[in-house]
Each structure stands twice: as structure tokens, then as C-alpha cells.
Amino acid sequence: MPWPSRLSRLQQSASLVAKASGTRLGKAVDLSGSALRKSAAAAAQGGKAMAFWSFGGGGTAGDLHVPRELETQLQRFPLTQDIGARAIRALVSEASWFSLPGGTILPRDGDNDSAVFLVISGALGVYANDDSEADRFVAHIPAGEMVGEMSMLSGESHSATLVALRDSQMLRLPKEAFERLMARHPRLSLNMMRILVRRLRNTTGRSAKTIKARSLAIIPLHNGAQSLDLAQRLSTALRNLSLSVEMIRPAESGQAPTVVEASHDIVLYASEHADGAWTQYCLRQADRVLLVAAEGMPIPSHPFIGMPEGRIKRQMPELVVMRASQGAPKYPELTHKIASAYSLHHYICPQSPGDVQRLARVLTGRSVGLVLAGGGARGFAHIGIIRALREAGVPFDLVAGASMGAIVGACVAMGWNDEEIYARMHEAFVKNKPLSDFTLPLVSVFRGQKVTRMLQENFGDLRIEELRLPFLCTSSDLSSGTTHVHRTGPVWRALRASVAIPGLLPPVVEEGRLLVDGGLMNNFPVDEIARLSRGPIVGIDVAGEENFSALEDDIEGRTWWRLWRDQMTRKGAPSIVSILMRSGTVGNEAIRRQARSMTDFLLDPPLPGIYLRSWKAFDQAVELGYAHAAEMIEQDGLNFLWAVKGTG
0 MPWPSRLSRL
10 QQSASLVAKA
20 SGTRLGKAVD
30 LSGSALRKSA
40 AAAAQGGKAM
50 AFWSFGGGGT
60 AGDLHVPREL
70 ETQLQRFPLT
80 QDIGARAIRA
90 LVSEASWFSL
100 PGGTILPRDG
110 DNDSAVFLVI
120 SGALGVYAND
130 DSEADRFVAH
140 IPAGEMVGEM
150 SMLSGESHSA
160 TLVALRDSQM
170 LRLPKEAFER
180 LMARHPRLSL
190 NMMRILVRRL
200 RNTTGRSAKT
210 IKARSLAIIP
220 LHNGAQSLDL
230 AQRLSTALRN
240 LSLSVEMIRP
250 AESGQAPTVV
260 EASHDIVLYA
270 SEHADGAWTQ
280 YCLRQADRVL
290 LVAAEGMPIP
300 SHPFIGMPEG
310 RIKRQMPELV
320 VMRASQGAPK
330 YPELTHKIAS
340 AYSLHHYICP
350 QSPGDVQRLA
360 RVLTGRSVGL
370 VLAGGGARGF
380 AHIGIIRALR
390 EAGVPFDLVA
400 GASMGAIVGA
410 CVAMGWNDEE
420 IYARMHEAFV
430 KNKPLSDFTL
440 PLVSVFRGQK
450 VTRMLQENFG
460 DLRIEELRLP
470 FLCTSSDLSS
480 GTTHVHRTGP
490 VWRALRASVA
500 IPGLLPPVVE
510 EGRLLVDGGL
520 MNNFPVDEIA
530 RLSRGPIVGI
540 DVAGEENFSA
550 LEDDIEGRTW
560 WRLWRDQMTR
570 KGAPSIVSIL
580 MRSGTVGNEA
590 IRRQARSMTD
600 FLLDPPLPGI
610 YLRSWKAFDQ
620 AVELGYAHAA
630 EMIEQDGLNF
640 LWAVKGTG
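Each step along the sequence shown adds one to the number in numbering that gives the first Met the number 0, with nothing skipped, and position 538 is 537.
Be careful, since some hints might not be right.
[To be verified] No farther apart than 30 Å at their CA atoms in a straight line, the calculated lysine-lysine pairs in the DSS-like style are these: (1) LYS430 x LYS449; (2) LYS615 x LYS430; (3) LYS449 x LYS615; (4) LYS449 x LYS432.
[As the list claims (entries may be wrong)] Derived CB-CB ranges, DEER-like: (5) GLN80 x GLY459: 43 to 49 Å; (6) GLU390 x ARG200: 44 to 50 Å; (7) ASP603 x SER262: 24 to 30 Å; (8) SER324 x LYS615: 25 to 31 Å; (9) PRO185 x ASN638: 34 to 40 Å; (10) LEU199 x GLY636: 26 to 32 Å; (11) PRO185 x GLU390: 25 to 31 Å; (12) GLY154 x VAL484: 56 to 62 Å; (13) VAL196 x ALA422: 49 to 55 Å; (14) SER262 x LEU227: 18 to 24 Å.
Hints are computed from structural coordinates only; laboratory data are not their basis.
Note that the Cβ used here is the ideal one computed from N, Cα and C, for glycine as well.
Please work from the sequences and hints to get the whole structure.
Structure (C-alpha cells):
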């Protein structure tokens with residue numbers, strides 16, 4: 000909708016909403032009183048109703064009374080921090096305030112509207128509006144941030160669409176007014192430059208900045224889903240992270256959301272009904288939505304009924320399944336539903352405090368992502384490193400891996416302890432020697448049946464979406480030349496694709512695609528965990544800098560007997576198996592360097608004498624990994640854990 004360009008139109012719009020809600024308009028708007036609550040209620044009832052107010056009302060900045068609540072908020076915002084009370088009054092006198100209901104697009108006066116908008120409360124989502132990716136999420140704009148400054152400075156048209164992710168309060172400053180303010184108050188210009196520098200740094204760092212939810216809606220998908228019980232337990236877990244929490248239920252909704260959120264780190268909006276006026280209100284206030292289901296109950300394919308229009312495509316909810324015990328859940332029908340309808344899913348056993356504590360970390364951007372690189376037998380070092388990290392108190396909340404790292408990562412996601420991981424991996428790779436079923440090399444050197452059987456024996460028919468921890472692994476799609484990310488489907492089949500070294504093992508065929516080892520395209524998938532934007536990342540890169548070279552350059556001229564002798568003595572050229580394994584795990588060095596830079600805690604264990612096929616060096620690799628991790632933990636002190644555990 001076009002922006003109302005005249006004060007009379009602003010007042011007319013405000014009057015319509017005021018008439019419906021009983022709000023009395025004056026020169027200033029009481030953001031902390033009944034005006035805000037009633038206008039918010041009117042907006043909620045009207046669906047898309049918007050209220051516009053002008054603070055100035057024809058008076059001067061010196062005469063203007065700025066509500067204490069608003070002035071306190073502005074003093075904390077990056078743009079208006081330390082600019083002084085006089086500058087804040089001048090800014091407010093030039094601004095227009097309006098409410099933007101969740102799911103609506105920010106109105107601008109055409110593509111060339113160069114006004115600056117300041118988010119007072121709520122949050123906006125930035126979406127690419129080009130022809131190819133009309134709904135691609137680009138950025139999250141929380142309260143306190145500004146938008147529109149790039150168009151104002153460059154004079155170019157808007158390059159993105161801004162959508163209210165929840166009910167939001169906004170200030171609009173026309174270009175001319177903002178330029179006057181910057182000329183009169185240099186501190187405002189300095190603050191804006193700092194904001195632009197920070198955003199530039201963020202774009203050159205991790206691909207996705209951690210997004211911390213301030214308000215959560217907890218909604219049941221059906222009766223008996225224990226949504227209020229979950230809200231109470233989650234509230235306790237959040238307080239254990241040293242966060243101030245307020246849980247709001249229908250009988251406790253007297254205060255305006257802006258007021259409650261200003262004095263708390265997290266606000267929980269809890270409902271015990273799947274639909275209704277209160278549920279709709281909760282959905283409109285939430286940065287993140289949790290839909291709660293009881294184990295054994297049907298999970299809807301389209302859980303968006305009743306949500307505000309526009310939210311369906313732009314903010315998928317998260318699924319929480321409440322379970323009676325910690326045994327392996329059985330939800331084979333969730334495959335497509337989780338992939339298409341939910342951004343993440345969690346299994347919660349009320350009797351397990353660790354489950355709720357992990358959910359609290361994930362929701363507040365404090366979860367620990369574990370990413371394991373491929374590396375053949377060198378990947379056994381993952382086992383020792385994981386043991387050392389667990390002993391140091393590092394929790395694992397999200398897991399990703401490629402090739403051998405995918406197999407060890409799946410063991411972690413299963414919830415196995417260190418002893419079980421060690422025993423299963425030793426049995427699978429040292430005793431059973433899965434790479435020993437040679438065949439006529441028409442498609443591959445090995446038949447691959449022993450590898451498939453080993454994976455099926457350890458993981459059974461369990462699916463990725465049924466694992467205790469969220470898990471993904473990567474393979475390489477030879478058909479499209481891209482990385483394929485496995486988030487659903489049988490665990491064994493995803494792992495079989497992730498370890499299918501080209502030429503060594505047959506590729507996995509999935510819907511016509513030829514999938515081979517994940518290390519070919521992305522051997523260290525840190526970027527996949529970073530996209531979830533949920534907290535610090537621990538990366539273990541075991542690829543190392545193995546000396547993969549030949550001592551002589553006349554390989555093709557040597558006899559087969561000499562080549563065989565060189566293989567036995569590790570002289571001359573590497574074997575065909577070594578060449579294929581190295582080819583399948585070498586990945587792209589530029590991608591690897593970028594992935595390493597995206598981790599918050601990187602472990603790169605030195606593994607001298609351990610090569611891709613050193614299966615018998617199992618114990619040596621495990622111990623070297625453990626020793627390296629212990630040393631790194633002592634040196635670094637695991638500083639990232641302070642924020643994760645809420646002790647700093």
C-alpha cells in the first residue's frame with residue numbers, strides 16, 4: 000500500500016483505529032498505556048488494520064513530550080545511543096509512528112521512497128524480490144535496528160521486500176528530516192556509520208548471523224499436547240541460562256507486549272488450544288513459533304491453518320514432539336512434512352531435563368553445532384575428540400558431517416555414549432573390514448555390499464528425522480554437480496551415499512540422481528549448520544595435510560611387478576585405492592578454508608603416519624584425537640561455552 004504522504008491522512012487512519020478501540024489521540028502517543036494495548040487489540044481483530052500517528056502535531060521539538068518508555072528504548076538503540084535527550088526529542092518530532100501487524104509488508108511510497116524506518120518493537124524479515132528468488136530470506140531486523148538507510152544514501156530503488164515477522168511498532172523518518180538531524184547532531188551520523196561497518200563485517204564473516212528469538216509462541220497441534228507443561232518447563236530451563244523470562248497466558252495479558260519485552264530477555268506466549276482468539280494473538284507476537292504434538296498423534300501436513308496471512312511461506316514453525324520415554328521414536332510419516340512444513344524438529348521427554356535444556360539453547364542462539372569432516376581412517380580421531388569435549392562439559396545440539404565424519408556424527412545424533420561409539424566403530428571397520436569385497440571394476444573397485452550391511456546393522460531402519468539430535472550429512476550429486484544435503488530418510492542410506500567414494504564404491508541412486516562421497520563437493524559442511532543460525536560451531540577437520548605425492552614421475556613406464564613392490568613398501572606412486580579415496584575426500588580447498596574460518600572452536604589434530612586407509616591404526620587415531628582435544632581445551636578454555644551455559 001502507498002505511504003500516506005500528508006498528516007491529515009495519517010490522522011484519518013489513526014482516527015479510524017482510535018474510533019474502533021476507544022483511543023483518544025493527542026500530540027503525543029502513550030506507548031506504555033492503554034492506547035497501545037487498545038490499538039494492538041484493534042489491529043489483531045482487524046487482521047490488517049494499521050494505526051498511524053504523527054508525534055509532532057505541529058509543535059516544536061522543545062515542546063514535545065516524549066513518553067518515558069519510548070525515550071528509554073531509543074537511548075539503548077544503536078542508532079540513537081548517546082545522542083542526548085534533545086536529539087531524541089528532535090528525532091521524534093520529525094517522525095511518524097505506526098503499527099505493522101505480523102505478516103504485512105512494510106508500506107513505502109513507491110520504489111524510490113527514501114525514508115528511514117526504525118523498528119521500535121517486533122521484528123522485520125528482509126526478502127529478496129528478484130525474479131528468480133522472490134521469497135528468499137535475506138536478513139532478520141530486530142527491534143532497535145533501522146532499515147532504508149541504503150536507499151536513502153545511494154538514491155537507488157529498494158532491492159528487497161520488508162515483511163513484519165510479528166506485530167511491530169515502527170518510526171518513519173523522511174529523508175529530508177533525517178539529513179537535517181544528522182547535520183545538527185553529528186553523533187547520529189557516527190552511530191549510523193558504525194552500524195553500516197558492523198553490517199559489512201557480518202557479510203564477510205559467517206554466512207548466517209545467529210538469530211536470537213525474544214518472543215516465543217507455544218501452540219498445541221491438538222488436545223492433550225501438553226503445551227502449557229512444556230512452556231513451564233522451558234521457562235525454567237531459560238532461567239537456568241541466566242535469562243529473565245515472562246510466561247504470558249490469557250488471564251495475564253494486561254500489559255502491552257512492548258512493555259513486557261522491554262523488561263525481559265524472553266517472553267513466552269502459551270496457549271492450550273490449537274485455534275482461537277488468544278492463539279491468533281500469540282502467533283502475531285512471536286519471533287518463533289513452536290507447534291507441540293503428543294507422541295503417537297497425527298502430525299498435520301499443513302500446520303498453518305489460522306496463522307496470519309503471509310507467514311506461511313516466510314516463517315516456518317518448529318515442531319516439538321512430547322514423548323513418554325527416551326526410546327527411539329517412530330515417525331516414518333514425518334519425512335516430507337518436516338522437510339516442507341517445519342524449519343526444525345525436537346523430541347522432548349518431560350522426564351529428561353537435558354532435552355528441555357537443549358531446546359532452550361537452540362531457541363536462544365546458544366546451541367552447539369558439531370561438524371565432522373571426512374578423512375577415511377583419519378576420521379577415527381573424531382571419536383577421541385568427542386570424548387574429550389564431552390568430558391569438558393560441551394553439549395552437542397546439532398550435528399553434521401561428510402563421509403567418515405557423517406558416520407561418526409550419526410553415532411552422536413543417536414545419543415550413544417563414548418564406549419558404544421568406540422565399540423561399534425571398532426567392530427565395523429577394524430574387525431569386519433567393510434572395504435574388502437572386491438569386484439570386477441566396471442562401476443567400482445568394491446561391490447559395496449559389506450559397507451551397506453555394516454550401516455544397516457548399526458542404524459537399522461531408523462530415519463534421520465527420528466534421531467535424538469537434529470542431524471544432516473552431505474553427498475555429491477554427480478547429475479547436477481552440486482552438494483546434496485540429507486535431512487530426511489533412512490540413516491543408513493544417507494550415510495551410504497556420503498561415503499560412496501567415486502570409483503571405490505558404487506554410487507547411490509536416488510530419484511534418478513547419482514550420489515557419491517560428500518567430500519567430493521564439500522568435505523567440511525560447516526555452512527550447512529551455520530545456515531540454521533543457532534549458536535557457536537565446533538568443527539573437527541581431520542583431512543590434514545597428508546603428503547600425497549609420487550617419488551618418481553615415470554609411473555606409466557614401470558612394470559606391474561615394480562608397481563606392486565612399490566605399493567608394498569609405500570614407495571613411488573600411490574595405489575589405485577588410495578588415489579580414489581583421496582579424490583573422493585579432497586573437496587575444494589577454498590571451500591575448506593572458508594568452512595574453517597566459520598567455526599568458533601576448530602580442532603585440527605596432527606595424525607602423523609595415519610593415512611586414509613590406515614584402518615589398523617584405529618586406537619592410535621582415537622588417542623591422538625583425544626590428546627589434541629585435551630590440549631586445545633586447556634589452551635583455549637572453551638570461551639564459547641560461557642554464553643552457551645549462561646554463565647557470562
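Taking the hints in turn, this is what the structure says about them:
no. : hint                        : verdict
1   : LYS430 x LYS449             : 12 Å, holds
2   : LYS615 x LYS430             : 9 Å, holds
3   : LYS449 x LYS615             : 18 Å, holds
4   : LYS449 x LYS432             : 8 Å, holds
5   : GLN80 x GLY459: 43 to 49 Å  : 56 Å, violated
6   : GLU390 x ARG200: 44 to 50 Å : 35 Å, violated
7   : ASP603 x SER262: 24 to 30 Å : 44 Å, violated
8   : SER324 x LYS615: 25 to 31 Å : 40 Å, violated
9   : PRO185 x ASN638: 34 to 40 Å : 36 Å, holds
10  : LEU199 x GLY636: 26 to 32 Å : 30 Å, holds
11  : PRO185 x GLU390: 25 to 31 Å : 53 Å, violated
12  : GLY154 x VAL484: 56 to 62 Å : 40 Å, violated
13  : VAL196 x ALA422: 49 to 55 Å : 52 Å, holds
14  : SER262 x LEU227: 18 to 24 Å : 23 Å, holds
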